[in-house]
Structures are given as structure tokens and as C-alpha cells.
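Enquirer: Listed here are the chains, written in short residue letters.
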Amino acid sequence: MNLHDTPAAQPVADPGLTIAGKTYASRLLVGTGKYRDFEETRAAVDASGTEIVTVTIRRVNIGQHANEPSLLDAVPPDRFTILPNTGGCYNAKDAVYTLQLARELLDGHPLCKLEVLGDEKTLFPNMPETLKAAETLVKDGFQVMVYCSDDPIQARILEDIGCVAVMPLASLIGSGMGILNPWNLSLIIEQARVPVIVDAGVGTASDAAIAMELGCDGVLMNTAIAGAREPIRMARAMRLAVEAGREAFLAGRIPRRFAASPSSPMAGRIA
Amino acid sequence: MNLHDTPAAQPVADPGLTIAGKTYASRLLVGTGKYRDFEETRAAVDASGTEIVTVTIRRVNIGQHANEPSLLDAVPPDRFTILPNTGGCYNAKDAVYTLQLARELLDGHPLCKLEVLGDEKTLFPNMPETLKAAETLVKDGFQVMVYCSDDPIQARILEDIGCVAVMPLASLIGSGMGILNPWNLSLIIEQARVPVIVDAGVGTASDAAIAMELGCDGVLMNTAIAGAREPIRMARAMRLAVEAGREAFLAGRIPRRFAASPSSPMAGRIA
Amino acid sequence: MNLHDTPAAQPVADPGLTIAGKTYASRLLVGTGKYRDFEETRAAVDASGTEIVTVTIRRVNIGQHANEPSLLDAVPPDRFTILPNTGGCYNAKDAVYTLQLARELLDGHPLCKLEVLGDEKTLFPNMPETLKAAETLVKDGFQVMVYCSDDPIQARILEDIGCVAVMPLASLIGSGMGILNPWNLSLIIEQARVPVIVDAGVGTASDAAIAMELGCDGVLMNTAIAGAREPIRMARAMRLAVEAGREAFLAGRIPRRFAASPSSPMAGRIA
Amino acid sequence: MNLHDTPAAQPVADPGLTIAGKTYASRLLVGTGKYRDFEETRAAVDASGTEIVTVTIRRVNIGQHANEPSLLDAVPPDRFTILPNTGGCYNAKDAVYTLQLARELLDGHPLCKLEVLGDEKTLFPNMPETLKAAETLVKDGFQVMVYCSDDPIQARILEDIGCVAVMPLASLIGSGMGILNPWNLSLIIEQARVPVIVDAGVGTASDAAIAMELGCDGVLMNTAIAGAREPIRMARAMRLAVEAGREAFLAGRIPRRFAASPSSPMAGRIA
Amino acid sequence: MTSLTIELNGAAHSMRQGETLHDLIDSLDLLGKRVAVAVNREVVPSPRWPKHILFPSDRVEVVVAIGGG
Amino acid sequence: MTSLTIELNGAAHSMRQGETLHDLIDSLDLLGKRVAVAVNREVVPSPRWPKHILFPSDRVEVVVAIGGG
Amino acid sequence: MTSLTIELNGAAHSMRQGETLHDLIDSLDLLGKRVAVAVNREVVPSPRWPKHILFPSDRVEVVVAIGGG
Amino acid sequence: MTSLTIELNGAAHSMRQGETLHDLIDSLDLLGKRVAVAVNREVVPSPRWPKHILFPSDRVEVVVAIGGG
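Chains as they are written, first to last, in this note's numbering: chain A, 1 to 271; chain B, 1 to 271; chain C, 1 to 271; chain D, 1 to 271; chain E, 1 to 69; chain F, 1 to 69; chain G, 1 to 69; chain H, 1 to 69.
Some clues are possibly wrong.
The calculated lysine to any residue pairs, modelled on SDA-like cross-linking and capped at a C-alpha distance of 20 Å, are [to be verified]:
1) 33/E x 17/E
2) 93/A x 138/A
3) 139/B x 21/B
4) 121/D x 49/C
5) 33/E x 63/C
6) 132/B x 128/D
7) 51/F x 104/A
8) 132/A x 128/C
9) 121/B x 193/D
10) 33/E x 107/C
11) 93/D x 59/H
12) 33/H x 77/D
13) 121/B x 77/D
14) 93/A x 269/B
15) 33/E x 76/C
16) 93/D x 270/C
17) 121/A x 257/B
18) 139/A x 97/A
19) 121/C x 97/A
20) 139/B x 177/B
Partial list, derived from the structure: chain A residues whose beta carbon lies under 10 Å from chain C [as the list claims (entries may be wrong)]:
21) 121
22) 122
23) 131
24) 153
25) 154
26) 171
27) 177
28) 181
29) 191
30) 192
Treat the hints as calculated values from the structure; they're not laboratory data. Note that beta-carbon positions come from the ideal geometry of N, C-alpha and C, so glycine has one too.
My request is simple: use the sequences and hints to build the entire structure.
Expert: This is the structure:
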């Protein structure tokens with residue numbers, strides 16, 4: 001026989017991640033904070049293979065030289081989907097205002113990441129304010145991807161409000177603790193009709209793989225890459241891990257059973 | 001500025017896994033049991049990107065048609081390093097005898113996987129018999145990669161005997177439970193002067209990534225791939241996961257701290 | 001020397017659990033559902049050593065014999081603090097109405113357990129409705145102990161509303177999964193100015209001990225006791241576990257360090 | 001009905017722990033190292049409720065005042081079973097010699113704790129030397145309780161040699177990491193025909209409870225008590241925890257299922 | 001003397017015109033028992049039962065404490 | 001020609017009377033740059049800058065996108 | 001010409017007296033196949049098969065590589 | 001009367017010729033104390049101490065029980 005003439009059935013390719021009607025091949029979303037410079041930012045973004053990059057809106061530094069390079073030169077909107085976020089907002093009012101400015105800044109594109117924080121110590125979401133802001137933004141025509149707690153009931157409420165993706169935290173922003181409660185995350189995934197994207201808390205590659213194996217549609221991270229000793233290498237590790245986890249999810253893992261099962265047949269043993 | 005003209009410093013490539021003086025680009029080792037047929041075996045082996053394939057030695061089935069295809073046609077020794085194992089042996093004597101036959105079968109190549117099992121229920125290694133067999137085989141010129149418990153003291157003894165790789169179980173063979181005791185594994189890795197390869201217990205991609213992130217030099221698996229709903233897809237997932245975990249290990253992950261750290265700067269916030 | 005004449009300094013006794021100004025020696029709260037009969041209920045309540053017993057409010061079964069024994073004969077209000085709960089309510093309106101009936105039933109005593117559920121599948125709290133109901137009840141003079149998610153921000157909001165205890169779930173009601181996210185629980189405990197009582201999810205004694213070691217002020221459970229093979233024995237186990245965990249918390253455990261430290265001195269070793 | 005006249009069936013009392021034919025009511029064994037003084041040692045021993053106390057054998061400090069109080073005045077052999085250990089021995093020869101001296105010291109009583117350590121960094125057992133020493137000691141008439149790794153095969157070998165108890169480490173001596181691999185411990189418990197006692201690694205009360213819930217026959221600890229901020233309180237906590245865990249084991253816990261199950265009946269709900 | 005129909009714990013229940021909450025609870029053998037009562041989702045304390053006359057389609061709730069967690 | 005003071009990104013900023021948002025952005029060298037502008041928390045699209053005259057104590061916000069997660 | 005019985009892979013197998021290992025492997029259609037052979041638990045390299053005469057109750061093992069982990 | 005040197009618990013210790021283990025333990029004030037003794041790694045039970053004469057370079061071990069885990 002010649003094995004090369006008879007290729008075994010190859011797996012069907014993953015259709016990709018669809019958010020608000022647009023489909024992305026990559027399931028990894030990355031932030032742009034904490035990098036040494038724009039060059040490192042761009043190199044890490046490229047190594048990660050991401051197509052969606054989140055940015056923060058801040059006041060222009062009046063008086064500083066206006067011709068210095070800007071982030072959007074490094075990650076141009078014509079090559080990446082830019083996802084403005086409300087990092088640093090602690091109430092619905094500020095978050096909504098920030099995203100209205102962001103929409104103007106980005107020529108009216110409506111996709112955004114809403115995060116309303118509860119306090120500076122934990123950066124845990126303030127869910128009542130988050131629900132309020134989501135309602136206002138959806139009414140105003142935004143496509144809202146929302147940072148939230150891992151509460152399955154409030155995740156469903158956010159979906160019912162019309163958010164285009166729910167993004168529960170795996171653990172505290174920047175903590176690198178990984179997925180503290182995979183069980184709640186599973187409850188959210190089971191019921192969700194919009195993409196579920198783990199946002200915050202990923203520390204290393206296996207955390208991202210675990211999120212995908214649980215059935216998440218994507219993972220968003222910033223510190224895990226930008227804070228690594230070698231950010232560009234870690235960006236690549238994350239690209240591989242998200243794909244590995246997704247493939248493993250699709251491949252259907254063996255069950256966990258605390259019992260042994262031999263890999264080698266018993267028949268014909270030498271004795 | 002034009003970012004495309006100024007590539008950021010790219011990471012140095014992983015030198016690869018060196019066992020008994022030979023270097024392999026892939027850090028994934030796979031078994032050949034439990035596949036539907038040789039075609040699926042070969043397709044999975046190819047998808048895994050492995051260069052080292054383990055096989056079992058069994059008595060010829062007397063009387064059966066002698067011209068049916070054989071495993072070594074599917075995974076030819078001229079393209080893969082064949083690693084004969086002693087799966088099914090419960091004492092040193094049988095294991096040594098089996099590997100002497102294997103060496104003859106493989107034209108004298110000395111690399112082998114020693115496993116002496118303790119009982120059929122757990123397939124846990126019998127360490128006293130394993131030490132005895134390792135001693136005999138090393139004296140006889142074999143290059144012994146050895147399946148063992150996650151005991152750091154006995155791992156060192158095996159190294160002192162002259163084994164070329166120590167292969168502690170992550171959990172019971174075929175159980176898919178993953179790495180039950182990462183702490184013991186770390187003790188072994190810290191002190192080892194030969195490659196440490198997790199053998200047995202991996203269930204899905206993240207398990208392989210975790211092993212590599214702990215600092216293992218490689219991972220050996222069979223059931224996790226062959227037993228998956230889609231073995232070929234899972235083989236690919238494992239290739240990606242081992243590389244992801246290795247890259248994350250080299251990239252230097254952020255520390256785990258149960259405290260938040262904002263990804264977005266505080267300065268210039270809108271209020 | 002005679003050791004019996006010189007007792008070593010004994011530990012100071014735990015002052016006990018104070019809720020809404022009343023102090024209880026026991027830190028274990030128990031439910032009264034799922035028992036075989038009232039006799040078993042009472043025997044388990046006694047074995048648990050609890051002083052606070054939660055009950056549910058339901059419609060009288062019209063037509064059934066009115067003289068059959070009642071729960072409050074088995075656990076009389078003059079010997080136990082009766083904590084009426086709103087089990088089965090899915091919105092603020094029903095929960096408030098139920099507790100108004102309960103207050104009348106219990107001669108106006110204002111202490112109550114508020115739980116507003118999100119859905120029948122998870123029995124996870126509906127936090128927006130819970131906040132609404134808490135506000136109404138506190139204004140109406142109730143002393144509200146509130147079943148909630150393990151969200152530190154909303155726990156603080158409930159405290160600010162005036163709840164007398166916050167009761168985050170350890171895991172789903174009746175699941176026996178134990179404390180799925182000790183980290184969030186710790187965030188709640190660190191900041192709380194009212195008692196934090198784990199409610200729901202405890203499966204066995206060690207789960208209760210862990211809750212107390214984390215610094216919880218108490219534990220509330222029902223299924224873990226009533227559903228055990230021997231409920232009365234498990235009730236006793238829980239009494240011991242809650243006290244063990246509390247004492248361990250007060251005693252100040254040794255730090256976790258993955259390094260060995262000999263119990264026996266090195267000096268004077270025999271060689 | 002009057003509940004006080006009809007006590008519900010009470011649980012059958014735990015028969016206790018039998019080692020080498022002698023039965024002990026307490027399942028907690030404690031070490032005597034690391035205490036401030038003998039008074040604290042004795043107070044902690046009393047608070048723990050233990051009946052078996054382990055001690056170390058060391059050379060007399062020549063020249064030091066010979067009349068100072070001695071450990072065996074604080075924990076007299078007529079009130080406690082004294083268990084001499086071989087802490088600090090790194091080979092079979094020294095361990096056997098140490099226990100021969102101990103037997104002489106304790107008027108020939110044969111019960112002893114064998115521990116042969118692998119290295120000073122981990123204090124992990126050296127299993128080959130442990131097996132050798134156990135064989136010699138059993139032949140010499142000792143009743144050997146043996147510190148060992150959590151390897152189910154070697155645990156059985158030690159049993160077959162004739163050891164009266166196997167004592168796998170939960171984690172490194174003095175580390176306080178708790179039970180790192182409950183799965184291996186369960187394999188040992190399932191098959192053991194002699195008592196299985198967790199030795200080393202317990203950090204706080206819940207660790208001891210978990211060991212007993214897994215089905216261990218007892219727990220031995222030293223640092224977790226002596227190293228606590230309040231050793232006497234922690235000794236009491238451990239007494240309660242061991243009993244709580246044992247009772248929970250006998251009571252038969254509810255299964256872990258990640259699904260909710262209401263504590264309150266659905267019938268008669270108010271709406 | 002004409003009768004009327006109220007809703008008692010979710011089911012139709014017929015009484016005589018002019019009867020009070022006290023009459024209803026009495027007829028249910030629940031006087032002196034630990035029950036609480038609401039009419040049209042308003043709690044009615046027991047002292048007020050004798051004066052509280054029931055009208056057609058009043059929604060009456062009579063509740064007790066039972067085992068629950 | 002008299003001057004007036006507005007609040008620009010939280011700090012006092014003085015301009016000449018009658019100047020527009022376009023004049024302000026121009027004076028900041030930000031014309032053609034990717035910025036968004038709000039006056040008194042109302043976003044003002046760039047086409048409207050030339051006609052938008054600023055008045056004393058107007059609160060002007062000029063923002064850009066920066067690195068963040 | 002008389003025959004004799006050896007043990008082949010654990011089962012009785014009869015051959016003619018004077019036959020060699022080479023004859024045996026040939027009769028099994030395994031010449032040129034990737035097999036290894038041991039007699040009485042001693043490995044016999046293929047070059048020695050033609051000279052290796054088998055005797056009654058010799059225990060012969062003929063093995064191959066198969067799928068295993 | 002000449003003296004000799006033994007090794008006592010790892011250190012040199014000088015005694016008078018002809019002295020016994022009993023003399024040694026006595027000189028250490030340890031008679032009646034809970035100690036065990038070995039000479040050249042052989043345990044010597046206390047009843048035999050009076051008859052056990054020590055010789056040059058004998059290695060004597062005197063041990064007690066101390067706190068340990």
C-alpha cells in the first residue's frame with residue numbers, strides 16, 4: 001500500500017469567530033497597553049495574529065509635540081478592527097460619553113468594548129452601572145462587547161439588552177491568575193447566543209487554551225503579553241494556544257476517568 | 001515612520017529537544033496504539049509533527065496472512081525515530097528480554113522506552129523493578145528513556161544509573177486526568193540533567209501546554225490523540241499546544257498575583 | 001517540674017457571631033428542607049448545634065388535616081432563631097410579599113433571608129432583583145441577610161443598602177461542589193463590615209472548614225446535611241468542621257511554601 | 001407528638017484506629033518538634049487529644065546540665081504511646097541503628113516510625129532505602145509505621161513486607177501545602193489492608209479533614225501545630241478537624257454535581 | 001342567603017356573603033394555628049380578621065412555615 | 001480685540017473672542033490628526049468645527065486613541 | 001524422516017528433525033519481513049538462522065512491532 | 001594509672017584504663033536517666049554496663065529522646 005496516495009479524512013476548518021455580523025479567522029483579541037513603544041506594540045500584534053485590537057481614549061496632551069507618531073499609525077484601522085474601550089471609567093455616564101467620542105474618532109464605527117469598573121483596587125466590573133450603560137449604548141446604535149462578571153444571569157440580561165458579545169473576567173485584570181471559576185464560565189457558554197470572550201486574568205498560554213477548551217469563542221488579553229519577559233514570543237505563544245484550545249474543543253477530548261487504560265494491546269504479550 | 005522597515009527584535013528560536021545526542025525540532029512524542037487503522041495512525045502522526053514514535057513488541061500472529069501491511073510501513077524507521085516500549089511487562093526480566101528482541105528488530109538501534117508496570121488496574125510503574133531493569137539495560141548499551149513515578153529522588157537515581165530521559169506520569173495511563181501533581185514534577189525538572197518528558201495522563205491540549213510551561217522538555221501521549229472524537233484534529237491541537245507551552249515557558253510569563261493591574265494608563269482620563 | 005501545676009496559656013474563646021446586634025455561639029446556620037420527617041429534622045438541628053434555622057413560607061394545603069404536627073413544633077421559635085427565606089421567588093415583588101407574610105407569621109420579628117433566584121436550572125441569584133428587594137425590605141424595617149453572587153462590588157452595594165449579612169454562594173444550591181472561587185470570597189471578606197456567611201454549595205465537612213479558614217463569619221447549609229447517607233452524623237461533622245475552621249483561622253496557620261522544613265532538629269544526629 | 005420523648009436513631013460510634021493490635025480513640029498523631037518549651041509541647045499535645053506522640057533520637061549533649069527536664073517527663077510513656085522516628089536519617093543503616101537505640105531507650109517497645117530521607121532540600125523519602133530498612137526492621141521484630149511516597153505499588157510492597165501502617169506524605173515535610181495528589185492517596189487507601197496515615201504536608205484544619213474524608217485512617221502532623229501563631233488553639237482545631245473529616249466520611253457525603261437542587265419544595269409557592 | 005366565590009391559595013373557594021376572614025380561617029380549622037393571611041396581596045394581621053369581610057373574587061393567601069433551605 | 005478663557009482638557013486656556021473650534025484645533029497643530037472633540041460633553045463632528053464659535057468657560061475635550069487593554 | 005515438536009510463540013508447533021530457524025521462518029512466510037527471533041529467550045540474529053538447528057521443546061519467539069503507547 | 005581516649009558522641013573523651021560503660025555513664029551524671037547506649041554501633045543494654053570495659057578508640061553513643069516530628 002502507498003499511504004501517500006490515500007490521505008485520511010482531514011478535519012473541517014473552523015469557520016471562525018463572528019461578531020456583529022463580521023467574521024474573523026483569529027479568536028485572539030489583544031490590548032495595546034504597557035508596551036515599551038509602538039514598534040514593540042506592532043510586532044506583538046503581528047505575532048499574535050489578531051485582527052481585533054482594543055485601544056483606550058484619553059485627552060490629548062496639550063502642548064506636547066503634535067507630530068510624534070500615534071498608536072493608530074502602528075495599528076492602522078484599515079488593517080485591524082479597532083475596539084475602543086472605556087478603561088478607567090467608574091460610572092455609566094463617563095463610559096457612554098467616552099464611547100461617543102471614540103465613535104467620532106473612528107469615523108462612526110459602532111463596535112466598542114464597554115467596561116465600567118467597580119473600584120481601583122480590584123477593577124472588578126460594576127454590574128449595575130454596566131447594565132445601565134449597555135442599555136443606553138445599544139439604544140444609541142453601538143455594537144457593545146461588554147466586560148462583565150462571570151454571573152450567568154446578568155450575562156443573559158446583557159444579551160437580552162442587545163450586546164453583541166459578553167466578556168466575563170477569568171480573574172482580576174492584570175492578575176495572571178487564569179480562570180478562577182470555569183464552572184460559572186461554562187454556565188454562561190451553555191446558554192449564550194452571542195460570542196463569549198474571556199476578558200482579563202489570563203496569565204499564560206495554557207490559560208488561553210483552557211478557555212477555548214471550555215467552549216469560549218475567543219480570548220482578550222493585554223498584560224499577559226505586554227508584561228512577559230519576551231512580549232513578542234508570548235504573543236506567538238498565545239496565538240498557538242488559542243488555536244490549540246479551539247482545535248481540542250472541536251476534536252472532542254477523551255473523558256477524564258481516574259482509571260488506567262493501556263495504550264498497548266494485551267494480546268501477543270511476550271512471557 | 002514606517003514600521004515595516006524597522007522590525008522589532010524577533011525571539012531566538014528554540015534549539016529543540018536533544019535526547020542521547022540527537023536533536024529533534026518537535027517536543028511531542030506519540031504512541032501508535034488504539035487507532036482505527038494504519039492510515040489514521042499515519043495521518044495523526046503527520047498532523048502531530050512528531051519525530052519520535054513509540055511502538056510495542058508482540059508475538060507474530062502465527063498463521064495469519066503474512067503479507068498484510070505492517071505498522072513500520074506506515075511509520076517507516078527511515079522517516080521517524082522508532083521508540084520500542086515494554087508496554088505490558090510487569091517485571092524487569094520480561095522488559096529486558098522484550099527490548100533485546102526490539103533492538104534486533106530495529107537493526108540494533110539502542111534507544112528504547114522502558115516501562116515496568118505495577119498492576120493491571122493502575123498501570124502505575126513498579127519502581128523497584130524499573131530500577132533493576134534500567135541498570136541491566138544501560139550496562140547492555142541501551143539508551144533508556146524511562147517511564148517512572150513523579151518521585152524526585154528515584155528520578156535522580158535513574159539519571160545516575162545512566163538513563164537518557166526520565167518520563168514521569170502526569171496521571172494514570174489513558175486516564176486523561178492531566179498533571180495531578182505539578183509540584184513533584186517541578187522538583188524533578190529543577191534538578192534533572194537529562195530531558196524530563198511527561199508520559200501518560202495528558203487528556204487535552206492545555207494539559208500538554210501546562211507540562212511545557214512547567215519546564216518539561218517534551219510530552220509523550222497516545223490515548224489523548226487516538227481516543228479523541230477527531231484524532232487527526234487533536235494531533236494538530238497537541239502539536240500547537242506543545243509549541244505554545246514551550247514558547248510561553250521561554251517568553252517568561254507574568255507572575256500570578258491576586259491583585260488588579262490596569263491595562264490602560266490612568267493619566268488623561270476623561271471626566 | 002510538675003506540668004500539671006503550670007497550665008500553659010490557653011487560647012481566648014471566640015466571641016461568637018453577631019448578626020443585627022444579637023450574638024450566637026454557633027457559626028453554623030441550617031436549613032430544614034429535604035428531611036425524612038420532623039423528628040429527623042430536629043435531631044439533625046440538635047446535632048448541628050445551630051441556633052439559627054431557616055424555613056420556607058408556603059400556602060397552607062387546603063383540606064389537608066389541620067392537626068398534623070408543624071415544623072415550628074419541631075424547631076420552636078422560643079429555642080431557635082427562625083430565619084424565613086424566600087426560596088422559590090424569582091422577582092423582587094414576590095420576595096418582598098413573602099417576607100411580609102413571614103414577619104406576620106413570626107409575630108413581627110424582622111430578621112429574614114432574602115433570595116431572589118435567576119432561573120430554575122441554576123438557582124443562581126438574580127442580582128438586579130435582589131438589590132431592588134433589599135432596598136424595599138430595609139426601608140420597611142426588615143433585617144436582611146441576603147443570598148448573593150460572589151461579586152465584591154455588589155456585596156458592598158448590599159452592605160451600603162443596609163443588609164445585616166451578605167451570603168455569597170460557594171457554588172450552586174445543592175450541588176455539593178464546595179467553594180469554587182475562594183479568591184472572590186476573600187475580596188468580599190476583606191472589605192465587609194457586616195458578617196459574611198457562605199450560603200449554598202457546601203458538600204462536606206472540609207468545605208465548611210475552608211470557608212471559615214478564609215475568614216467567613218459563618219456557613220449556611222441544608223442539602224449537605226439532609227442529603228447525606230446519615231444526616232445526623234453529618235450534622236455533627238459540620239458542627240465540628242465549622243468550629244475547626246474557625247479555630248484554625250484564629251490560630252493563624254503556617255504559610256504555604258513549596259519547600260521542606262524538618263520537624264526534627266539537625267543537631268546531635270547519629271552517624 | 002413530643003419530640004423530646006422520641007430521640008431519632010443516633011449514629012453508631014467510630015470504633016477507632018487500630019495499629020498493631022492496639023486501638024486508639026484519637027486518629028490524630030502529633031510530633032513534638034519546634035515548640036517553645038516542654039510546657040507548650042504538653043499543652044498542645046493535650047489540646048490535640050492525641051494518644052500517639054512521635055519523638056526523635058539524638059545524642060546526649062555531653063557536659064550540659066544533666067538534670068534539666070526531659071521531653072519524656074512532659075509526655076510520659078505511661079500516658080502516651082511514644083513513637084520514635086528516624087528523622088534525619090538518609091540511609092537504611094542509620095535508620096535501623098537509630099531504632100535499635102530507641103527500642104532500648106523505650107524498654108523494648110517495638111512500635112516505631114521509619115523515615116529514610118532522600119535529600120535535605122526536599123526531605124522526600126528515599127524509597128529504595130526505605131524498603132531495605134523496613135525489611136530489616138520487620139525481621140528484627142519491630143512494628144514499623146513507614147513514611148513513604150504516595151506510590152500505590154510501593155505502598156503495597158511495604159504492606160507485604162509486614163509494615164503495620166503506611167504513611168504517605170501529603171506534601172513536603174513542613175511545607176503546609178496540604179494534599180497535593182488526593183488521587184494517588186485514594187489508590188493507596190482502596191487497596192490497603194493496614195492503616196493509611198497521612199504524614200507530612202498538612203497546613204491547616206481543612207487539610208486534615210480532607211485526608212479523613214478521602215478515607216485515611218489517621219493523620220500525623222507537627223509543624224502545622226507547632227508553627228501556628230497559637231499552637232494550642234491549632235492543636236484543638238486539628239482535633240476537631242480530624243473528627244469532623246472522619247464523621248463526614250462515615251456519614252456519606254452528597255455527590256458533587258454541577259447542577260442546582262432546591263432546598264425548598266416547589267409546591268405551594270406564593271405568586 | 002347568597003354565596004360568593006373567592007380565590008383561596010390559588011383555587012376557587014365559595015363562602016357565604018358577609019363572612020369574614022375569621023370565619024374563613026375558622027372554617028379551615030386554622031384558628032390558633034401559626035398561619036399568616038393576606039387579602040389581595042395585603043397582609044391582614046389576625047386581630048383584624050373578625051372585622052375583615054370578604055368580597056367576590058378577593059384573592060386570599062393563607063401561609064405557613066415549612067421545611068426549606 | 002478682547003480674549004476669553006475656556007477649559008481645555010481640564011485646564012484653563014485663553015483664546016480670542018469669536019474664535020471657532022477649528023481655530024482652536026488649528027492652534028494646537030491637530031488639524032488632520034485623528035482626534036475627537038466635545039464641547040460641554042457634546043461631541044462636535046469636525047465638519048461643524050469652522051462654524052462652532054467658543055464662548056467663555058466652554059468645556060472643551062480633545063481626545064485621541066492611546067495604548068490600553 | 002522423524003518430526004519433533006517445538007514451542008512457537010507459546011503454542012506447540014511440529015517440524016522435521018534437522019530443520020533450522022531459517023526453515024521455520026521461511027515456512028511462516030516471514031523471510032525478509034521485519035521480525036526478531038529468540039530461542040529459549042536468547043535473541044538469534046537473522047544471519048545465524050541458517051546454521052541454527054532446532055531441537056525438541058525449544059521455545060521459539062517470533063515478534064514484530066505493533067501499535068502501542 | 002594510665003588513661004585512654006574513646007570517641008563519645010563523635011568527640012574525643014579520655015577515661016582511665018579499665019573503666020566500664022557504667023563508670024562512663026555515672027561520670028556523665030546519667031545513671032537512672034532515660035538514655036540508651038551503643039558501643040561501636042552495637043546497643044548495650046544497661047544491665048551489661050557494669051561488666052562492659054571500654055578500650056581505646058571505642059566509639060560510644062549515648063542518646064536520648066528529644067522533640068521531633
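Enquirer: Now, for every hint given, state plainly whether the structure supports it.
Expert: Hints, verified against the model:
1. 33/E x 17/E: violated, 25 Å
2. 93/A x 138/A: holds, 14 Å
3. 139/B x 21/B: holds, 18 Å
4. 121/D x 49/C: Roughly 45 Å between the alpha carbons, so the hint for residue 121/D and residue 49/C is violated.
5. 33/E x 63/C: holds, 15 Å
6. 132/B x 128/D: Holds, at about 11 Å.
7. 51/F x 104/A: holds, 18 Å
8. 132/A x 128/C: Roughly 11 Å between the alpha carbons, so the hint for residue 132/A and residue 128/C holds.
9. 121/B x 193/D: holds, 17 Å
10. 33/E x 107/C: holds, 13 Å
11. 93/D x 59/H: holds, 16 Å
12. 33/H x 77/D: Distance of about 14 Å is within 20 Å: holds.
13. 121/B x 77/D: Violated: residue 121/B and residue 77/D sit about 43 Å apart, past 20 Å.
14. 93/A x 269/B: Roughly 14 Å separates the two Cα atoms, so the pair holds.
15. 33/E x 76/C: Roughly 13 Å separates the two Cα atoms, so the pair holds.
16. 93/D x 270/C: Between residue 93/D and residue 270/C the Cα gap is close to 11 Å, so the pair holds against 20 Å.
17. 121/A x 257/B: holds, 13 Å
18. 139/A x 97/A: Holds, at about 14 Å.
19. 121/C x 97/A: Violated: residue 121/C and residue 97/A sit about 38 Å apart, past 20 Å.
20. 139/B x 177/B: violated, 35 Å
21. 121: holds, 9 Å
22. 122: holds, 6 Å
23. 131: holds, 7 Å
24. 153: This hint holds: residue 153/A lies near chain C, its Cβ roughly 3 Å from the closest one there, short of 10 Å.
25. 154: holds, 6 Å
26. 171: holds, 7 Å
27. 177: Where the cut-off is 10 Å and the nearest Cβ of chain C is about 7 Å from residue 177/A, the hint holds.
28. 181: Check passed: Cβ of residue 181/A comes within 4 Å of chain C, closer than 10 Å.
29. 191: holds, 9 Å
30. 192: violated, 14 Å
Consistency with the previously given hints fails for numbers 1, 4, 13, 19, 20 and 30, ordered from lowest to highest.
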